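**Student:** Which chain is which? The protein sequence lines are A and B, in order. Per the working numbering, the very first residue in the first sequence carries number 9; after that it's consecutive. Per the working numbering, the very first residue in the second sequence carries number 24; after that it's consecutive.
Think of the hints as simulated: they come from the structure by calculation, not from any bench. The model shown is predicted, which means the values in this text are computed figures rather than measured ones. There's no promise every hint is true.
Once the Cα atoms are required to be at most 35 angstroms apart in a straight line, the calculated DSBU-like pairs of lysine-lysine come out as [what the hints assert, rightly or not]:
1. B:K63 with A:K219
2. A:K219 with A:K329
3. A:K134 with A:K393
4. B:K63 with A:K329
Here are the chains, one letter per residue:
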Amino acid sequence: MPVLAQADLRLDAGPLDYALLAIYFAFVLGIGFLARRSVSSSLDFLLSGRSLPAWVTGLAFISANLGAIELLGMAANGAQYGMATVHYYWIGAIPAMVFLGLVMMPFYYGSKVRSVPEFLRRRFGKGAHLVNAISFAVAQVLIAGVNLYALAFLLNLMLGWPIPLSVVIAALIVLVYTTLGGLSAAIYNEVLQFFVIVAALLPLTLVGLHKVGGWQGLVDRVTAGPGGEEQLSAWPATELTGIENPVLSVIGIVFGLGFVLSFGYWTTNFAEVQRALSAKSMSAARRTPIIGAYPKALIPFVVVIPGIIAALVVPELAALKAGDDSSGIVYNNALPALIGELLPNGMLGIAITGLLASFMAGVAANVSSFNTVFTYDLWQDYIRKDRPDEYYLRIGRLATIGGTVVAIGTAFLAAGYGNIMDYIQALFSFFNAPLFATFILAMFWKRMSAAAGWIGLVTGTLAAVLVFVLAETDVLHLPGQGASFVGAGVAFAVDIVVSVAVTTVTRPVPEERLVGLVYSLTPRETRKHSATGENAGWYRSPVVLGIGVLVLTLVLNIVFG
Amino acid sequence: MAHKAGLFDLRLVIAVLFGVYGVVLTVVGLGFTDDADLAKADGLNINLWAGVGMVVLAVLFALWAFARPVVVPDAARTGREGPGREGSGR
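Work out the full structure, taking the sequences as your base and the hints as a guide.
**Tutor:** Structure, rendered in structure tokens:
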């Protein structure tokens, strides 16, 4: 967590605002109770019975990522760096999401695995599976705790609620609906949350733009401000990367953020992939990340732009940007500060609800992916095999409770040692880069051996940790985002090199076990999806939708480049 | 095995939530907005506009839900791709 801001961000929320918030909580819990009726097996509970339509899973896909740290962090980046922040949305997400839908989803969904670690078990056996299942499960409960703490911290700042009380209340609400309705409840609430966030941020953006005198006013004032004209264009983003040479900065963005970091996150993070696995058909599963990519391309307009506006109209932030930090405000408070500055009671309640919704959905995504990996990949595979399904449904519910309790503990730990949580988060983000390298080799190179699977993962992760430690101790001097770009890149390269080297000296996995998991051993028919009935029509074609969003992203880059 | 696919229609849930929010904000915008509120939002009656917008969103979702209701497919007749494996095994 960032250093606590001492500036007064207390919002004068009235009874009306609290009533709007209470209505939302009633809906969230109601969805949990309604969703419970459809849970009759562990697959229903942990994977929504693979029954959801593509628009639902697609919006949930994007919402699961639209958590607290993302929302506040990106508005903060907008306030500090300006338009360059859009790279986290455009090049840093869209290509990877399209790649997941078009290239990788046929293997994830087609092989009927129930989780990302399960794919590794089928492809490589136990070594790689255990490494991934344990690291993912631990990461998710810890990150859930970080999210809970961030939520409580914001509630304390905005409404004056005591931090321990907010942690427990928020955790209980998430616990109730995820334990009752499982993944369906989590996903349905994520869709609801998506609309509430937009309903909160769109009016905020419009009022903000009105305040600064429209788009032209924004352009004029940013140009005249301390950031200057370059904060209005996305490229070359030298401030963001911390790389002075513009050409190297662009290369850093494209390969570091656009390739290694983003592909690692979007294509192998089970909290995301799980949303697609719960879709009702192969076609819907492939469309899930691509449908999510459209709102992802447009969200920066209601997150980054308000961040930029906040740095203009909130006096304390404007002072901070000009170099005067005496008010104690930090960039992370840009969004709540702007809300307090511009929204009257009524919309204020919607805005608070939107922020809280975003925090809780983030926690729910962590918890609902944790319980699946714990139940199927750890408990069922290593502790109690071959029990009836009701047993695993019960374990899934208990894992949800246990995970939430650990997350509450983590949240209190985070309250005591803020910086430690920053490090934990940074470290976990490094797990994804080697994982992506392993998955690409696993899906497209049938020769890759079981030993290469786990050795590549472990050495790749260790390489990332090494870069991280060197950067933290200033042995390597990498300012800005440079350390995470380089760390991810090194991890990716080490994973590939080690995996190839180990494969050459070990036995390959027998080919008959790899059908459906590896490109060259999967018949074309099983990779294809049906295009009839409710999957018919060109506008439901994953390829057409994927190309459409890539073109949209390209146009946005040209217009705002 | 009989399996309930359509839980409850999420589109109606969204319509009801935003219907309530929209009506409340519209009423507040029309009847309970003083000059201080207006000045805060730079002269815009944002509650009114946001309220109207939410009502429109609610109507659109309601129309969609009624125009294309969720059909619980008869698994025996429509041999669709997708689910159908038993959940318990591997």
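**Student:** Quick one, are K134 (chain A) and K393 (chain A) close enough, alpha carbons at most 35 angstroms?
**Tutor:** 15 angstroms, holds
**Student:** Between the alpha carbons of K63 (chain B) and K219 (chain A), is the straight-line distance 35 angstroms or under?
**Tutor:** At roughly 10 angstroms apart (the allowed maximum being 35 angstroms), K219 (chain A) and K63 (chain B) satisfy the hint.
**Student:** For the pair supplied as a hint, K219 (chain A) and K329 (chain A), confirm whether the alpha-carbon distance does not exceed 35 angstroms.
**Tutor:** 19 angstroms, holds
**Student:** Keeping to a limit of 35 angstroms between CA atoms, is the pair of K63 (chain B) and K329 (chain A) held or broken?
**Tutor:** 23 angstroms, holds
Of the numbered hints given earlier, the model fails none.
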